[in-house]
Structure formats: structure tokens, C-alpha cells
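Asks: If you want the building blocks of each chain, they are given just below.
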Amino acid sequence: MVGMSDNLAAILPAIIVMVTGFIVLLGDSCLPAWRNNGKAFNPAVTFVGIAVALFFDMTRMGAKSATAFSGAVVDDPFSRISILLLGVAAILAVLLSTTYLENKKLHHGEYYVLILFSLFGAMLMAGSNDLITLFVSIETLSVALYVLAGFARTEERSEEAALKYFLLGAFAAGFLLYGIALVYGGSYGLSHTGQATTNLTEIGAGLAGSGLGGVTVMFGIGLALMFVGFAFKAALVPFHMWTPDVYQGSPTSVTAYMAALTKIAIFTVILRILSVLTPISSVWLMTAQLLAILTMFGGNILAVTQDNVKRMLAYSSIAHAGYIMAGVVAVGAAEGKFHDLAISSTMFYLFAYTLMTIGSFGVLIWLSRRGRDCQTLGDLKGLVKRDPIGAYTMLVFMLSLGGIPPTMGFMGKLMIFNVLLSAGLTPLALCLGFASIISVYYYLRVVWMMCFMEPDRETITEHATESGGTLFAIGVTVVLSLFFGLAPYLAQTLLAPATSILVR
Amino acid sequence: MLSTSNLAMWIILLPFLGFLHNAFAGLIWKKNAKKVVSYVAPGVVLLAFGVALMVVMTELPNAHDHRLIGALIPGTSAATPWINLGGLRINFELLVDPLSLLMAMIVTGVGGLIHVYATGYMAEDPEQPRFFTYFNLFITMMLILVLGGNFLLMFVGWEGVGTCSYLLISFWYKQSENAKAGNKAFIVNRVGDLGFALGMMLIWSVFGTLSYFNDKGTGVLQLAGAGHAEGAHTALHAISVMGTPVSVAVLTTICVLLFVGAMGKSAQIPLWVWLPDAMAGPTPVSALIHAATMVTSGIVMVTRCSWLFSQAPQAMQLVGYIGLATAFVGATIGLVQNDIKRVLAFSTVSQLGYMFLACGVGNYTAGMFHVTTHAIFKALLFLGSGAVIHSMLGEQDMRKMGGLRKKIFKTWLVMWVGTYAIAGVPGLSGFFSKDEILHSALSSPGNGMFLYAVGLAIAFMTAFYMNRLMHKTFGVTAQFVDGELPHQHHSNFDDHDAHGHDDHAHGEHHDDHAHEDGHGHSQVHESPASMMIPLYVLAFFSVAFGAWAKFTGAFEKFLEPVVPQMTHLEAPITESMGYIISGCVAIAGLTLAYILYRKPKVVETGQLIPAETKTRWEKSPLHPYTFLLNKWWWDVVYNGIFLKIGGIFAILLWKVVDAGIINGTIEGLGWIVGGFSRLFRKLQTGYVRNYALAMLFGVLVIVLGVLGSWSIAAK
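In order, the protein sequence lines correspond to chains A and B. For the first sequence, my numbering puts the final residue at 504, and the numbers step up evenly by one. For the second sequence, my numbering puts the final residue at 1219, and the numbers step up evenly by one.
Pulled out of the complex, with its shape left as it was, chain B reads as follows:
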């Protein structure tokens, strides 16, 4: 018997109510809409965080087997069907267990802070209510994804967050590159979604259900868990449905298909190309969706299905190697990028790869640990970079920054915390989570040493590009003239800049500033409190969370019931030795960047050499700098294959199949139906006598029909 949770639905419903409110705020509050929205939107998310905490505190400890089932709709039970067609029955059910609650707390906690931050960041945008409408909807969908009690509800959330991501990337849709970035994200994700959908269908046809857990004990994860328990003693393929064992080949197919879905959402090779472009959205979006939460849903999904994956070793290997490759590619590209948000984007790609590496080597807890710490410090870094961009009035190119340390000291301080955390400086949270992954990679059966070495190289590069970012942004002398910054605030309304500053609705900070310095907005300035406070909170957790979780062992104990414990080899080095090695690597990376970027105008190959003096090698597309700057030419290759060749195919389908065959048929049929319609219409004369005649005809039909079938039936 599974325990029930009555509170869990409110974690989802609160942001949903917020979404509804924000969508209609303009109708309800008229001119005050922006102000009300800026309280409601973060409010509902933080309240949801409170509810999630309450579930953890009160309901989870009493739950049988660390697991509760909840209903999605108030007043119903978890057994209320949503779809009930033949053999397919999908319930409005939630699964509340440590994994979903951990994610719910990340989504609402980090998400809530980012909401608070966004009230400052988006204060001047005239479309702020629209922004928060999408933002709350995103939180709702993300929570459905993590809390949903079956694969289809997860898929609902999966698609929902994809839609919100699309809407938010192209939030400033007037600039066509933003709209294109949104399209790219959406379209690339479709490929992954197809994999997920196929995997889901296969699960249904094999297991006969999509629920994770049910009272009868036939939920997908229940069967897989039982199989795992048995497999520990006997053969590996121990999952059986109604007594029929499921073959490893089928399980592997399911897992690979699901992982294709994860590749799309979590930006893994080969579906990673959308994430860097997704930075076109407002910075809080990058922080919330494209760093902290949505992009980790692939890892969450793999972890959720870890009982399946753990019995498909080949699928796990694929996960691990794809993760490692992505981590490597992402880190190399991150080394040379000039856009501050792009560096962070590639860093996200790379860190996501790390998390998949953890899943691939069977240490799902480490993967989720890194998801958690990464959510905190990457949100911090993105929000910090947002604060920088905000201070620089929309400038994102690091080559035009520099020397910001004194001007925005507080931002600099929190950014350092984030940098050290992600670089893996000993003691900060990134250090512990990354080391955990590296250590389990080393002790995994197979190429442990190879995985470890590449992992260390990536850690080195991470430390390097992060310190490069810090120095280029804050360190060297200013590459711009303060007070004459061009105003680049994004908005869909061009005339906004001209009027915006006098509008008192736009956040007190800016008005003060405008009056103080007389230069209006053209000077570098620290961000308002609504933006800084979330940064402090995140910075605190970036420092403290990792050590707390590691030394108390709380994190591992929390997740223990939901992930399989894999058998590991004895690692060739002890854990403390591992700490020392990765600590040294991180510090080495930081130091190298310090040496190279300490002074201004350090030569970056290819950047300062005029084109005509370049050697043939330097002009070559395979020259490392060009190669990396252009993302390994990944986009170019995709354009060639999918856009050019696929385009020809699409035109063929359009001109011949669609315009010719399909349209021809439909229009022909339409013509016939229209003809009949015009014909029958003539019967509708408007004269009662004719109507009565038609009725008499009907009487004849009915009487003859009844008598006819009676005489047939009577025989």
C-alpha cells in the first residue's frame, strides 16, 4: 500500500494560479499590473517552496518506503483517470519521493530567487507581466515534470517546459535572431522528444502501464526495482512483467530512446547546438531554464529511470561516453568565447556532460548532487553576469568590458564565489560534487582511468575559462569609456528608451541613479537590492551546501531509497588523494588563466593579428582558435546536412505531395460536398407544405424500416 500526499498538489497548483493571475493581470489590475505581478510571481514560487519543505518535513518521514502518491487535481484521488481508453489508463497522479522533492525544492527554491531577481531585471520592460506569465508557467510545467507520477505526465511537463523555453528565448521577438534562436531550440528539441515519445510507447507496450508505482505493484519502476533486487543475486535480466522476462535488448532500446530525449533537453551531443543560442533570452531565463532547472531534466529523467538503466549496461555506457564527450567539447569551446553569457552557456553544456558521466558510471546520487550544486552556482554565475550586463546597460561582449571590479564591487565578490565553486576550489560545493563524479568514474568498471583523465582535463579547462571570464570582465583596465555607454536594453518597444526613465513605476533604484549622476543611464552602476539579495543567498549556498551535504552525508542518505546502488571496483587511489589531485588541477587552471589574462590586451591568437598578416595555418578553419570559436564547425555541418539536403526534400514534399496530391484530393472532395449542399438546399423551400411532405417521407422510412426489420427478425 502506498502512502498518499495531500500537500504535494499545491506545489504545482500555486505557480499555476500565479500563471493564471499574471496572464490576466492587465485585465484585473489595469495600470498597477506590473507592480502586483512583481509580488505575486515570486510569491507563489516561494510559497510552493514552503509547501515542498513541509512535505519533506511532515509527510515524507511517515511515508511507507519513502514514497507517496498524490493527486494532481484537488478533491480527487491519485486513481482519478485522465485518459482511460481500452488498455491505456493514465491517472492524474503524482509521485512524491526524495528525488522528486529534491528537484521540486531546487525548482522552487532557486527558481524563487531567480523570480525575485527578475523583478529587478525586468522592471523596465513594458511586457513584464507577459514575462512572468511564462516564468510561472515554466515553474508549473517543470514541477509537473519532476512530480508527475507517470511517464505521460512527465512528458506533459517535458513539452511544457520546452514551450516556455521557446517563448522565453524569443521573448524579445522583434529581433529576428532571438526568434530564430527560439525556433532552433524548439526544433532541435523535437528530435529528442520523438525519442522520448517512442521510448514511452515502448514502455507501455512492454510493461502495460506508464505509472511509476501503483498499488498492485505493477508500476514500471516497481517491476524494474524488483528485477534489480533479484539481479543482484542471479542473472542481470531479471525484470519480468506478468512472469515474462523482459530481454536486455528491449530494455536497452527503451533506455537509449529515453536518453535521446534527454540529449535534446539536456543539450548533449549531438543535440546540444540549441543551448548556446538560447542565451538570446533575458538573463533570468538563461539562469533559470538554461542552467539551473530545465536542462537538468534529462539527468532527472535518467535518474528516475535508473532502475531500468542499471539493467541495460550498454545504454549506461552510451550515456557515460556521450556525457564525457559533451563535457569535453563544451569546455574546449568555452575557452575562447567572448560573449560573457556564451562562456557560461558552454560551461553549462560541459557541466551537464559531467552529470551524465555520473549517471553513466552508475553513481546517480553524484549526478543529482552535481545537479543541485550546479543549479546553485550556475544560477549565481548567470545572475551575476546578468548584473554585469545590467550595469553595462546591455553590453555582453567581454572585450568591451574590463576594470569593473571597483565599479561594481559587490557583484564582483559574488561572481568570485561562483567562479571558485564551479572551478572546484577545495571546500566549495562544486569541488565536492565534481570530485564525487570523478572518483566514481575512476572506480567504474571499464575504462576508469581514461574517464578520470579526461574528466580532470575538463576540470582544468573549466577553472581556466572561468578565471579568464573573471579577468576579462572585472580585472584588466576598462575597455570602454564610463558615462558614454551605449544603451542596449532590450525591449520589444523601440520608443521605450526615450520615455522609460521618467516613469516612476520602473523601480526606485534607477530613478535615484538618474537624478544623482546626471548622466542618466550611461554610467556603470550596481544593481538594485532585488537583484543583489538573491545573489547573496545563492553565494552563501555555493559555499556551504557542498561541504554540508558531503560531511553530514545527508544528501546521499536522502536519495538512497530512490536510486540503485551499483557495485564499484576498488579505486586505485583513496578519496582524499582524489581531493588533492582535483584541488591541484583546479588551482592550476585558475593560475594559468591568471598568468595569461592578468595584464590587459594579452594576445589571443587570431584576434589581434590583422587578417592580411595571418599565415595560411592561421587562416585555416582547423586552426585551434578558429575551430573552437566556431564551435567545432558544428552548426555549419548541421546546416549543410539538415538545412540544405533536408530543404530539398522538404520542397519536394511541399510541391508534389502537399500541393499536388493532398490539396488536390481535399479540394476535389470539398467541391463534391459543396455541390451536394447546394443541391439539397433547394429542398429547403421555406413552405410548410413541403416540410410536411418531407416528414411524410420520413414516416414512410421509419414505418417500413421497423416493419421490415421486424419481419426479418421474426423469421
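So that you can see chain A by itself, here it is in the shape it has in the complex:
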């Protein structure tokens, strides 16, 4: 029996984030001194809180894997790496937010509280080892994000985004919960105790013992419905329809945060659950492949005709979810050392995706520092003359998203491609190639707009608020994207511990 302190230590980073959330909430509402300087206090405390959480996360990186809270939560290198990525995404998002919110007159303490609570949910997701814990943490993340999506409450689009996200999210949550219930029912007789269970370790052990024979219709349908819930969160086609509306309507800083955070969290969960389901991979592999292909092509084809950059990036994030899904399929299909390679490649892609998504939305925020939201392709015309910093950083992100060297996006795609081939999934690898060819069109269209078009007269504005945080966040993402693009194996070494997922 593990003691309470061990239990708490296992989820220490998440607890720190949650406590920071309460501190900001109380400080902002109760302390007048804090409230008057909210601009400085809120982001600073948030930043410090996340940084401390990450510090503890990293100090535990080499520790032994363990379960806590009677097996409901797991603390293994995989969850620690995932928490690290989540924290980095959140820190970058906080850096991007401050000035943007001020310009939009949205600077309220709740924003940071919601960021922290959603991060708390996401971190718990990374460590969930029980379907019930998983459901609760997904909802913790989701509810905070619903509110964040509607944070620009005076804007109709933001309101609309929040409502749509909420309605469809509730719909998907229903499927997820129903799926969990069916899996619970179907697990009867699987585990060695003979009891029904929602614990992943026990389900995994049961499946390893029984193989395909242990799968009942109820269990199969339960898995399928659970996957519906995950697919909605990950925005896989055809569960993606909410994405463009929500990404476009939400304040850009929220979009950047949401796009990165949910993807990291949900793919961590998917990887964990699928590694539990490895003994019966023949049941889900085909469907997962189909979803990956649909998502890659759906996202890319729909992005081609978008004129709104935020919307275009939303579709592009759908397409990237497809690429990551392809990596997940490779994890399921590959064996031996390729299995580990597939996990580290998928994690690398998630990391790359995080950097380039936050980066590209970050540039949109940087361009919006003049008070007017920069959203359409027309807004980017002739950018290289008006705002070289914005234009060149955007160029890097577009190249990275399009998978062009020497960027991280290229290396990530190369790795996924490589593991797909070594797992014997040649058709999927080809689909990935063709889908990325389509994507180059709309990424380079942005570059073309920035570099080869003359600026419209009215888009030239002089007044600008200097925004150090935004610039810093963009700078970090650019440098990392290029650095890990040139030296990808350093990042892969960094992410290597992630390959030890604690299942059994």
C-alpha cells in the first residue's frame, strides 16, 4: 500500500498547477493591490506556477514508474514527458496572451485561472490509468476550454464558438461515457479477479492473457464509442466540424493554446490506451488507419480554399492530427525496436506540432498588436515590407508546417514516414506523402502573399504596441523549430524516455 505522500507526489505537477490556479483566482478577486496590477501579477504568477510544476516534473524524470491512488493514476516517463510538453505549450501561450488580451480589452484574471485549470485537467489526462479518472480529467480540460473559447464575450463569433464547442463536446462526452460503461461491462471476466474494472492496468493484463478471445461485442462497441470521444477531442475527420468555427471564433491566444494543449493531451491518452490494446491491435488498426487517412486528406483538401488564416490553420491542425494519428497507427503496428522508434517519432511530431502551431498563431497575435485582429490572407499582403520580423518568422512556421527542411516539421514528417515504412504500412505512408503535397499549396500561398504581393494601402498602420512576451515566445519557437530541424536526434534523445509507457 502506498502512502498518501507518495500518491500526491505522483501528481505533484498537476497539483501545483491547480493550486496556482486557486491563488490567482483568490488573489485577483480578494486583494486590491493584486487586482490593480493584474496585468503584471496574473501572468507572472501563472508563469511561475507552471515553471515550478515543470521543474518538479523534470526532477522526477528518471524516477521509477509507479501507480498511485489505488492504480487510478500512473506516473511514468511517458506521462512526465507529456506533462513537460503540456507545460511548455501553456507557458508559450501565457507569453502570447498578455498584450493581446490588453489590446482586445479582455485582460481579466479568470483567463489565467482557466488556463491553469485546463492545464491541470490535461496533466491529469496524461497520468490517467483509469477510465473514470480519464473521463473526469477530460471534462476538467474541456469545461475550462469551453469558457476560454467564449472569452471575448462581446464578440458574436466567440460566443458562437463557445456554444458550438460546448454542445458538440457534450454530445461527444456522452459517447465517451457510454463507451466507458460498455467497456466496464465487457471487462467482466477479463481480469484475474473476475471483477469488472475500468482500470487500464487490469484491462491490459486481462487482454494480454486472453487475446482476441476475451473481446465481447459489448467490449468492442464500448471501445469504438470511447474512441468517438477521443476522435472528437483530437478533431479527426469526420468529428472535426467544430474545429474551424471554434478556432476562428476564439480569441487567437486561446486558439493557439487550445490547438496545442488538447492535441498533446488527447494523443497521450490515445497512445496509452492503444498500448493497453496492443494485444488486440487487429481489432482497431484498420479503423484507426482509415481515420488517419480521412483526416489527412480532409483537413488538407478543405484548407485549400480558405481565405481566413485562422480557419486555414484550423484545417491544417486537423491535417496534422491525421499525421500524428498515422504515427499512432505505426505504434500499434510496429514491433520490437520500431515500436519504440514509432513512439518517440510520434512524440517528436507532437512536439514539432506544438511549436509550429503556437508559433504560427503567435505570429498572428504579433501582427494583431496594432489592435486590429489579423485574420485574413489579405491582411498578410506585402508583410515582408511592413513587418519583416512577423514575415520571416511566419515563413519559418509555414515551411515547418508544410514539412520543408531545415525545419522540425520536415524532420517530424520524415520520422513518421520512416516508421510507417518500417512497420510495413506503405499505403499509409504514401497517403501521408500525397496529403502533404496538397498542404504545401496553402502554406506557400501565405508565403506568396507575404513576400510577393504589394501591401494594400489601408493595411499599413503605424501605431504598434511593443510586445516583448509575444516576441520572446515566437523567437523561442522559431529557434527551436530550426534547431531541432537541424539536429532532430537531440530532441529524440530528450523524448526517448517516453517510450517506456507503463501498462502492466
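Don't take every hint at face value.
To be verified - Stretch by stretch, here's where chain A covers chain B in the computed footprint (C-beta under 8 Å, at least three residues): (1) 1169 to 1181; (2) 1188 to 1196; (3) 1203 to 1214.
Hints in this document: simulated from the structure, not taken from any laboratory. Idealized CB from N, CA, C, for every residue including glycine.
Once you have looked at the hints, place chain B on chain A.
Replies: Frame of chain A; chain B shown alone:
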């Protein structure tokens, strides 16, 4: 087990940091950027020189087998992979051995001096930070080239220096001939690079690795070295990979392909045509890149691969004869050129040929010795000519100079040192290194006597054209009116000349001068101290280095572990006899030029004879003077073959293949994708009910998919 070097990475990283700093200096320092850059840029290179010295002093003596492996990125090990795909694994590794350290010291030492010089030379250029950005990047790349621990890293440096060379040749890009010269250099080098790349791929497919050395003992050079050691006793083809012997034919192919790369970078026939045009760049560029360092990288590469070459005798012969031919052609053309920098450029081509001759006859140490001395005295000569050009306000035509000895006495003095050094006057460094090459050519198996004779003829011509240059520039009476020199300083900004002189940021020397003589800049003047001090240092080493290295034997001992010792025949003459012969040849060459150019307006055939009085022979393109002045019509022939005929082919590819087939396909596909996009877009109605319906459809897909594959798998 190979020893590790912790310091070596800093030799590369310091100039790299300098490069980053200079690139963003304008952002950081605003108006003070030029001043800060002029300290940082030479500073980092000289610091790197210090680090290289430290490696030589502290790490190298303790190294096992005179060799260390280092990491390129701080905090990592030499085994950190850069590329790790299937069987291809490339590490971020450095090879630190006497050869790479020698080159690193040349690059940072001579390079550092040229950087100092350039702070004076480029002081007035408004784009000085851009210049030093490229300059530091060049040093970085050159160091990666020489220190890289595998062929791919060398190739990274190889391409990097090519890019910097291109950027710097066309530094004053507003004049289209400069831009064209840059293009020419880049394009001609591509041909060589292709050879290098193919050679590298062949190495990988034969040896299974691109590393020179590794712990398992399977590095390319380790295997080749082991083969060499065995070959000394038994058959020649003794290199074996995993027990399978590598055939001489394959080795020869590898070596020839690598040498094609060397031809491009080191300006050998037939890829030498870019180097003379490369003089369009600022003079420090000519000195650093197109004389002292980059152009010698071909020799460095051949020396690095000497263990391979030494077992491919035919490839070595090719190297030797190409070198000899280039040396000869370069020297003949150098005899008649009128542009001071062009004379030096052809002299460089010719001297590079000498170095390849040394490699070809198997005396790699002599080749590297000449690389070293040449780097010193050619840098001196180029920088000296730069000082002349600077004094003449941008004039480069020797016919418009003359009589400069009294006006710029100090420059004249150091130029003499350089001239005597390159001409091979006994006692100076060029004498020893050149004699070493000639002697080993003579004692090489095969046509030793022929190689020696042609080599002597080239030495004679070298002495001749150098003394001609000196006399035309400094000796005869002035061919211009002092005080009324046209201002020809290059810059990308035309209005600069009008404002430049009042700007106090532009180096103290010029301002003093402008106030003193009232003529502003139109008078011949000595160059500032920042330009003269490097010249003194280089002059000192031009005198002393050769004798020191020869008599102490330090150079040979230093390089001994890294190059194979070839068996040589007994030379028909003793070494001291060789000294006397080559000394006499050098002095004869100098004397002949003195006799011909001592007096002003000596008749140069074809130059002073009016066109209408020319005989048919004199008008003929094969007339020696015309023939040489036009570089053996080399460019004309290339234009005819590659530009005209190749152009037709290119147009065919463009109009039919590119515009027709490729564009047609792509646009067709794009049209289809766009159509789908517009179609699917209609599904995105914005109504939640429709979205939910799509989700239900997805639920169906997943449930049926899972149950379907389950029922298939269960059977």
C-alpha cells in the same frame, strides 16, 4: 580507443558566434554597429586561433596515435547522431589531428590577420557589417570543412565556403559583372561538387560509413590506413571492408570523383575558369578565400584521403598531371595580364597546380607545406596589392600605375618580400616549399625528369611575372597624375562618395589625410595601420617560416602521422644541387623581368602597336600575346560549348518538359483538389445539427469498422 578533444568545438563555435553577432549587429548596436563589428569580427577569429594553439599544445601531445575525436555541439559527445536513417548514421563529430589543426591554424591565423586588415579596407563601406557577417561565416564553414570528422561534415563546410565565396565575390552586387562573376564561381563549382557528392556516396556504399575514424576501427581512413600498412608488404589492393577486398577500380573511381570536387574548389583544369573572375570581390576576400584558404581545400581533401589515393596509383597520376598542366597554363597567362589582382589570381591557379603536383607524386607533406607557405605569402601579396589599390583609390590596372615606390614605401617593401618568397629566392619560404615539390617530382617513378623540367619552367615564369608586376606597379615612372586620381572606391551606394568623407566613423586615417593635403582623397597615400600591421606580420613569416620548418624538420614531423610515406626512387641529383638549380632559375626569371621592365613603356607586343599596322600574324588569335591575354581562349570555348549548345537544350526542357508536361500535370491536379475542396466546403454549413449528424456518421464508421475487423480477426 580514440582520445577526445573538448576544446576543438570552440575553434568552430567562436567564429560562428561572431557570425550571429554580426548578422544582428544592426539590431543590437544601431549606429555603433560598424565599430563593434570591427572589433568582434577579427576578435573571434583570433580567439579561435588561440584555441587551436591550445589544442596543439595541450591536447594533441597526450592524444593516442596523434588523433582526437571531438563533438561539434557543446554538451554532446562525438557519437551524437546528426542523421540516423537505416544504415546511414552521421555524427556531429570532429577529427582533430595534425592535418586538421594545421589547416585550422592557417584559417584562423592568416584569416585573423586578413580580418584585421579588412577592418581598415572596408571601413568606408556602409555595408561593412554584412561583409563581416559573411567573412565570419566563411571562417566557420572553412573550419567545419577541415575539422569535420566525416565526409558529410566536410561537404557541409565545402558547400558553406562555396556559398560564402559566392556572396563575397558579388558583394558589390550593384555592378552586374560582379554578380556574374559570383554566379560563374558558384555554377562552375557545382560541377565539382557533383563529383564530390558522387564520390561520397560511393564511399558510403563501399565502406558503409562516412566517418574517418571510429572506435570500432571501421572508419574509412582507418581501413585505408590498415590496407596501406599491409600493401607495403604484399599486393597493392589491400583495403578490405568486413573481409571483402575493395578493388582498385572502385578505389580509383572514388578518388577520381573526389578529385573532380577538388578541381572545382581548387580551380584546376578544366574547372579553373571561375577563379580569375572571382577577383571581382573586395581584395580581402581574394586574399582570404581565393588565395589562402578556400581554394586550398581541394588539396586538403586529397591529403585527407591520401590513404585512399596512395592505393589508386592511376588516380594519383591524374592528380599530378592535371596539377602540372594547370600550373603551366596559369603561369603562362599570368605573364601578360594587366590587372594587378588578375596576375595574382593566375599565379594562385598556377601555385595550386604545384600543390596538386606534390600530391600526385605522393609527397603530401610537401603539398601541405606549400599550402602553408603559399597561404602566407599569397595573402601578403594580395593584401599588399589591396593596399596599392586602396592607395590608388580603386585603380587596378597596372598600366595606369607606376612609380609608387616612393609614395608608398612601406607597401613596396612588404610586397618585395612577398615577391621574393613566391619567386623562390633562396632562403625565403616559397623557395623551400617549391623545391621540396620539385625534388619529389624528380624522384617520382615515371616521368620524373619531365615533371621536373616543366616545374622549373613554371618556376621561371613565376619569378618573371612577379617581377613584372613589381616593376609595372612600383618601378617605372608614374602613369597617372597624382592628386587627380579618379575615385573608384566600390560600394553598393552611389551617393556614398559624396558624403563619405565627412563621416567621422570612417577610420581616423582618412580624415587626417583629407584635412592635411586639401585634395581630399585624390592623392596616393599609405594605408592605415590596421592594414599595414597584418602585412608586416605576414612578411615576417614569409621570410622566416620556410627556413624554420625546413631546418628544424618540425613541419614534416608534425604531419608524419597523418599522411602515407611513399617509396621514392633515388633522385638523379642531390637536394643541395636541386637548391642551386631552382635558386638560379628564380633569379634568372627575376632578372629577365628586370631587364624588360626596368624602363618605362617597354614594348609589350600587341599593346602599343596600332591595330591597322598589325601584321596578319599579330592579329591572329593564336598569336602568343593575344592567346595568353585571352586565357588560351578557354572562356570562349566554354561559352560556345556549354552556353550555346547547353542553352538550346535548356530551352527545350523549359518550353516542352517544364511548361508543358510538368506544369500541365501539376495544374490539372491542383484544379481537381480545388474542386474537391469547394465541394466539401459546402458540408461545413455552420449548423450544429449538421455537425452532429456528421459525427453520427463517424460513430457508424468506427463502430462498424471495429466490429468488422473484430469479426474478421476472430475467425
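Asks: What are the numbers of the hints that this structure violates, sorted from low to high?
Replies: Nothing - there is no hint that the structure violates, so all of them hold.
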